[in-house]
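*Asks:* The task is simple: from the sequences and hints, build the whole structure.
Protein sequence lines correspond, in order, to chains A, B, C and D. Counting in numbering that gives the first Met the number 0, the final residue of the first sequence is number 593, and the numbers go up one at a time with none missing. Counting in numbering that gives the first Met the number 0, the final residue of the second sequence is number 124, and the numbers go up one at a time with none missing. Counting in numbering that gives the first Met the number 0, the final residue of the third sequence is number 119, and the numbers go up one at a time with none missing. Counting in numbering that gives the first Met the number 0, the final residue of the fourth sequence is number 236, and the numbers go up one at a time with none missing.
If you're looking for bench data, these hints aren't it; they were derived computationally from the structure. Computed from a prediction, not measured in an experiment: that's the story for all the values here. Glycine included, every Cβ here is placed at the ideal spot set by N, Cα and C. Please note that a few of the clues may not be correct.
[Claimed, not checked] According to the in silico footprint, chain B covers these stretches of chain D (three or more CB under 8 Å from chain B):
(1) 199-206
(2) 209-218
(3) 221-235
[To be verified] Just the calculated beta-carbon pair ranges, DEER-fashion:
(4) D/T4 x B/T93: 35 to 43 Å
(5) D/P29 x A/P123: 43 to 51 Å
(6) D/T121 x A/K103: 21 to 29 Å
(7) A/D470 x D/P29: 15 to 23 Å
(8) B/T93 x A/E343: 21 to 29 Å
(9) B/Y28 x D/K16: 46 to 54 Å
(10) A/E343 x D/P29: 17 to 25 Å
(11) D/K215 x A/K510: 35 to 43 Å
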Amino acid sequence: MTLKDPEAIHDVEGVGIHSVHRHDVVIIGAGLAGMRAAVEASGEFDVAVISKVFPTRSHSGGAQGGIAASLANEEEDHWEWHMFDTIKGSDYLGDQDAIEILVKEAPTVVREFEHFGCPFSRTPEGRIAQRKFGGHTKDFGKGGPVLRACYAVDRTGHALLHTLYEICIRNEVRFYSEFQAMSLIVRDGVCRGVVAWDIVNGGMHVFHAKTVMFGTGGYGKVFKITSNAMANTGDGLSLVLKAGLPLEDMEFVQFHPTGLYLQGILVSEAVRGEGGYLINGKGERFMEKYAPSKMELAPRDLVSRSIQTEINEGRGINGEAYVHVDIRHLGEEKIMKQLPQIHELAWKFMHIDCIKEPIPIQPTGHYSMGGIPTNIDGEVLFDGKNTPVKGFYAAGECACVSVHGGNRLGTNSLLEASLFGRRCGKSIIRFLRENRDWPELPADSAKGALDEVEWLLNTDGTEKVGEIRDDLQVLMTNKCGIFRDRATLEELTGDLKKLEERYENIKIDDKSEKFNSDLLEASELGHMIEFCELIVAGALSREESRGAHSRTDFPKRDDEKWLKHTLAWKKGEEIRFDYKPVTITRFQPQERKY
Amino acid sequence: MRVIKRYRIHMGTFAWILHRLSGLGLISYLLLHIWVISHLSGGERSFDGIMHSFGSPMFKLMEIGLVGVILFHLFNGLRVTLIDMGVMVEKQKTLFVIAVIIWLGTWFAFSAIMLSKMGLLPFTV
Amino acid sequence: MKYKETTRSGGALPWLFQRISGVYLAIVLFVHVVNLHILIDGEIGYAAIAERVATPLWKTINISFLIVALFHGLYGLWIVLEDYIHIGWLRVLIYGVIATIALVFAIFGTLTMITFQYGG
Amino acid sequence: MAMITFKINRYNPDDEKRGHFVQEYQIDVPKGYTLLDCLNDIKWKLDGTLTYRRSCRSGICGSCAMTINGVNNLACETQVLGLNCSTVTVEPLRGYPVVKDLAVSLDPIVRGLLAVKPYLMTKTPPPTDQERLQSPEEREKLDGLYECILCGSCTSSCPSFWADKEYIGPHALLKAYRFVADSRDECPGEHLEPIDDKHGLWRCHTIFNCVEACPKDLNPTKAIAELKKELIRGKLG
Ligand SMILES: Cc1cc2nc3c(=O)[nH]c(=O)nc-3n(C[C@H](O)[C@H](O)[C@H](O)COP(=O)(O)OP(=O)(O)OC[C@H]3O[C@@H](n4cnc5c(N)ncnc54)[C@H](O)[C@@H]3O)c2cc1C
Ligand code: HEM
Ligand code: SF4
Ligand code: F3S
Ligand code: FES
Chain A
0 MTLKDPEAIH
10 DVEGVGIHSV
20 HRHDVVIIGA
30 GLAGMRAAVE
40 ASGEFDVAVI
50 SKVFPTRSHS
60 GGAQGGIAAS
70 LANEEEDHWE
80 WHMFDTIKGS
90 DYLGDQDAIE
100 ILVKEAPTVV
110 REFEHFGCPF
120 SRTPEGRIAQ
130 RKFGGHTKDF
140 GKGGPVLRAC
150 YAVDRTGHAL
160 LHTLYEICIR
170 NEVRFYSEFQ
180 AMSLIVRDGV
190 CRGVVAWDIV
200 NGGMHVFHAK
210 TVMFGTGGYG
220 KVFKITSNAM
230 ANTGDGLSLV
240 LKAGLPLEDM
250 EFVQFHPTGL
260 YLQGILVSEA
270 VRGEGGYLIN
280 GKGERFMEKY
290 APSKMELAPR
300 DLVSRSIQTE
310 INEGRGINGE
320 AYVHVDIRHL
330 GEEKIMKQLP
340 QIHELAWKFM
350 HIDCIKEPIP
360 IQPTGHYSMG
370 GIPTNIDGEV
380 LFDGKNTPVK
390 GFYAAGECAC
400 VSVHGGNRLG
410 TNSLLEASLF
420 GRRCGKSIIR
430 FLRENRDWPE
440 LPADSAKGAL
450 DEVEWLLNTD
460 GTEKVGEIRD
470 DLQVLMTNKC
480 GIFRDRATLE
490 ELTGDLKKLE
500 ERYENIKIDD
510 KSEKFNSDLL
520 EASELGHMIE
530 FCELIVAGAL
540 SREESRGAHS
550 RTDFPKRDDE
560 KWLKHTLAWK
570 KGEEIRFDYK
580 PVTITRFQPQ
590 ERKY
Chain B
0 MRVIKRYRIH
10 MGTFAWILHR
20 LSGLGLISYL
30 LLHIWVISHL
40 SGGERSFDGI
50 MHSFGSPMFK
60 LMEIGLVGVI
70 LFHLFNGLRV
80 TLIDMGVMVE
90 KQKTLFVIAV
100 IIWLGTWFAF
110 SAIMLSKMGL
120 LPFTV
Chain C
0 MKYKETTRSG
10 GALPWLFQRI
20 SGVYLAIVLF
30 VHVVNLHILI
40 DGEIGYAAIA
50 ERVATPLWKT
60 INISFLIVAL
70 FHGLYGLWIV
80 LEDYIHIGWL
90 RVLIYGVIAT
100 IALVFAIFGT
110 LTMITFQYGG
Chain D
0 MAMITFKINR
10 YNPDDEKRGH
20 FVQEYQIDVP
30 KGYTLLDCLN
40 DIKWKLDGTL
50 TYRRSCRSGI
60 CGSCAMTING
70 VNNLACETQV
80 LGLNCSTVTV
90 EPLRGYPVVK
100 DLAVSLDPIV
110 RGLLAVKPYL
120 MTKTPPPTDQ
130 ERLQSPEERE
140 KLDGLYECIL
150 CGSCTSSCPS
160 FWADKEYIGP
170 HALLKAYRFV
180 ADSRDECPGE
190 HLEPIDDKHG
200 LWRCHTIFNC
210 VEACPKDLNP
220 TKAIAELKKE
230 LIRGKLG
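*Replies:* If you want it as structure tokens, here you go:
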């Protein structure tokens, strides 16, 4: 099989550029979003995918639970029900036009995955099997939980991701694996390409493109405790910021209630679903206080807040920052039959046998609802008036359409990444059919990225990257975590400034160009500090509690003032805000009660 | 760039190495054997002459070794063939242990008979 | 990246024949060893051997045994060498040598069996 | 908590002359620490030049496969105190060209993978607005195959691969069988044809190192046996 050869390399002035590549479509990110777009566009156009990790190592592969679609394979279900659940879950901040597309197209997207070869689990009739998931209900929230999450055992993300990679191989998509995007070339409202560093061999590569798409995933790594992969440093977001474009709703970050203590690795909701107890340092089932009827099965944000309250008030185990999830009473047989992967996880990652010992857990940074603002066709917007940047697209966790609003429901994000990735692909095709000319590539395209690498390799300070990052993560977790208030957020703003100054004074050990992960981690850290300032500023200005954004000084949702999306720009030191209205079509905001 | 070629030895590797060595041993012996047998055409004197030079007790003992090699290659060869047919692939270690037991068992029996024929055992089998 | 296109050399049938010949050898060789080392009493001499080698049934068995064993053993040798030798011309050379050995020994051995007449 | 010595096999491509060398680091390892945690500690606190791949740290992405005390495993799934020894040797995956320290070239893995046409191939168009049907029994045949995380541990441990760099490798053969075994795949021959080669299926000598090495407890040798049967059946009509 022949894959498309690298495009003819043409010269661009400037020092230090290894080579210039030309592709109709350049996609950054090989997760579900990026590769789904690549599959869509690759039939007709020359598509390249750049990823800093080998494609199948993208974090989408870590998802376990499932992908939502109202297939009604197992029982009655309707897209309208799915729509209601998603809107309610979003605490009414989700844009309902986008959500309608999400739930209506979901069955098509999931079945396409099946046609591509995804090994879904099956019902006895041979259809795609579906399971229950938090927040997905029957009959507009009036019925019980519905079987809506399509799954492949407990490796749904893995199965989907590998399937997409396989189809990309079939479609002869060109992969630039282990290339790290360092800057985005946008001039005069037109996107012209990206600049990326070849991780393995070293060297800066310029990718000249008619269209660029971002599917760069989340940024869980800004938190100390996170379920996210180490590659999830949100690079895409700061590249967009640096190109002078805004980010949307960055203050909304989801924390999952049960992550392994210190590791943050996800302990699935199934543990509580099967009847596990949450126990504090005093040996109490503390959920009695917070949700006497639903107990451990209350919604994610509420459980996370309860656990954090216990910890904050000194009732963690031995006063430490964790509580126990205890499943010993379920008995060995049930544990091994219903929760084998949990048993394996606790054993492999904590050396704990959960048949005999309780599992230490704490809430863990999980998902970013906000991101690069896009319209329903995946076009990136650059102001509050929905004006698109020419030739620039985004989808997946890095983007904000916004279907998740203030809080996302489980299994909706695999869906969102693939569905809007697919839509990106389709609108890229439409765009390329009409725009056959190459945008001009400015001669100094790579300057910013080259300067950054050169500075990092040569700077001779006293600070260590690992230490600054550690401080950043701890600060973000403690001061901009599950609970926020004015005083701590203001403190944090100052802290971040200090970190920024310390970052100016770093030194890295590794000075080589080849596989220099020291260099790349340093670059990632710089980017993280950059957009963290936006998260904090957003959280500070949004004076209400909505979805995952919980201000102790403003505990109520305030639709009058805050039923709107935040847009934030960063120019030098200055952060500028603008707002845009939430699109409401079918369901008027009501109080969110479960 | 150096590439390390080494891995913890376990039953599978062990079986493979022994099979390979025994196979190579056997083909060498086979070629020798054909040459020896070819002396049959030369008549009784020629054949017995060459057989005599292989007739010393040293060679007799080596013959016992040869039988061991043959039997190992034989039973492990059958094991490999079974695995190729998809039999006991998940239990390959058990299969190897079974092959080794049969191998050692038969070899022991053969050796006993051969030794007793040579009068090297205090009893006859 | 592109997988190096090799001319597909197959290899299924030799592989299969290696197993079949192995099983055939297992039977014949076992019988052979039992015969020679257990059933025959005393010295393995001309008389003892020649007597058996003379009958037509034994002739056929021995010749097939010879050819199958040669194939199995030499093809086995080729597999081993193919694993470790990657220099083109050397491979061709070795292949030639092995094929020649096979031919020479097969003819040599077969002639021994055919031409031999007990008491003649 | 225990003091553990890590003997790490290092290689810097910029310093060919020095070649491979072993460097020792000592750190305090608390209960629950995986080898990846320890490597991170070393990199972030002691020596930033230490290079290795990692991402998910939950055993699903396949980045962190390396040879630990002589055995291939995922660093993020290896409990250091569970190894019960005070010295831990860490080497890059064997059999692959080393790029730097513990990071090896992925080219051989990708090359083998691409060769088997690793995607579902069909002749009939899929039904519209509906999935292809597949019974739970047919689906069960894919268990033990689709879970492969492409970590490369298996091929790295295979003596046939050490000897023949063009050997396609157990990871690719497992992948080929994942499609041959799929009831929805209508062109099994397309996956079988490229492996019917002296550098393909027939180079496997049933050594079982691959099974020993797989951190996900998959059994490439079983897949290989099935493929052999499949191909022979095809040849004999
Ligand atoms: C533990 C866990 C479990 C989850 N379970 C579920 C679930 O059951 N259901 C569900 O719906 N959702 C789940 N999610 C959420 C979901 O997995 C993610 O939101 C989704 O997979 C994101 O996909 P993506 O394509 O946007 O990004 P990713 O899959 O994260 O891919 C990002 C890609 O961008 C690349 N990249 C990033 N930066 C750069 C750069 N600078 N240069 C080059 N490339 C770059 C990366 O290499 C990668 O290929 C889970 C998340 C976690 C953490
Ligand atoms: C007694 C019955 C025998 C059986 C069941 C048997 C079986 C096998 C099998 C299955 C293989 C293939 C191994 C592989 O490809 O991995 C093999 C290899 C081999 N056999 Fe035999 N064999 C027998 C006798 C012999 C004899 C008599 C000889 C010598 C003439 C011999 C020499 C070899 C050699 C050299 C190999 C190659 C070894 C390798 O590939 O590692 N075998 N045998
Ligand atoms: S089969 Fe196992 S060892 Fe081989 S690549 Fe797949 S997961 Fe890794
Ligand atoms: S180790 Fe290698 S030789 Fe075959 S059984 Fe596994 S692929
Ligand atoms: S880091 Fe992903 S498998 Fe270890």
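*Asks:* For each hint, tell me whether it holds in the structure or not.
*Replies:* Here is what the structure says about each hint:
By the rule of at least three residues with a Cβ nearer than 8 Å to a Cβ of chain B, the coverage given for the stretch 199-206 of chain D holds, with 3 such residues. For the stretch 209-218 of chain D, the assignment as covered by chain B holds, since 4 residues bring a beta-carbon within under 8 Å of that chain's beta-carbons and 3 suffice. Coverage of the stretch 221-235 of chain D by chain B holds. Counting CB-CB distances below 8 Å, 5 residues qualify, and the rule asks for three or more. With their beta carbons about 37 Å apart, D/T4 and B/T93 fall inside the hinted range of 35 to 43 Å.
A hinted range of 43 to 51 Å for the beta carbons of D/P29 and A/P123 is consistent with their spacing of about 48 Å. Roughly 27 Å separates the CB atoms of D/T121 and A/K103, a value that falls within the hinted 21 to 29 Å. Our hint of 15 to 23 Å for A/D470 and D/P29 holds, since their Cβ atoms are close to 20 Å apart. Restraint check, B/T93 to A/E343: a C-beta distance of roughly 25 Å satisfies the suggested window 21 to 29 Å.
Take B/Y28 and D/K16: their Cβ atoms lie about 48 Å apart, and the range 46 to 54 Å holds. In this structure the hint that A/E343 and D/P29 lie 17 to 25 Å apart at CB holds, the actual value being about 21 Å. For the pair D/K215 and A/K510, the supplied restraint of 35 to 43 Å holds, since their beta-carbon distance comes to about 37 Å.
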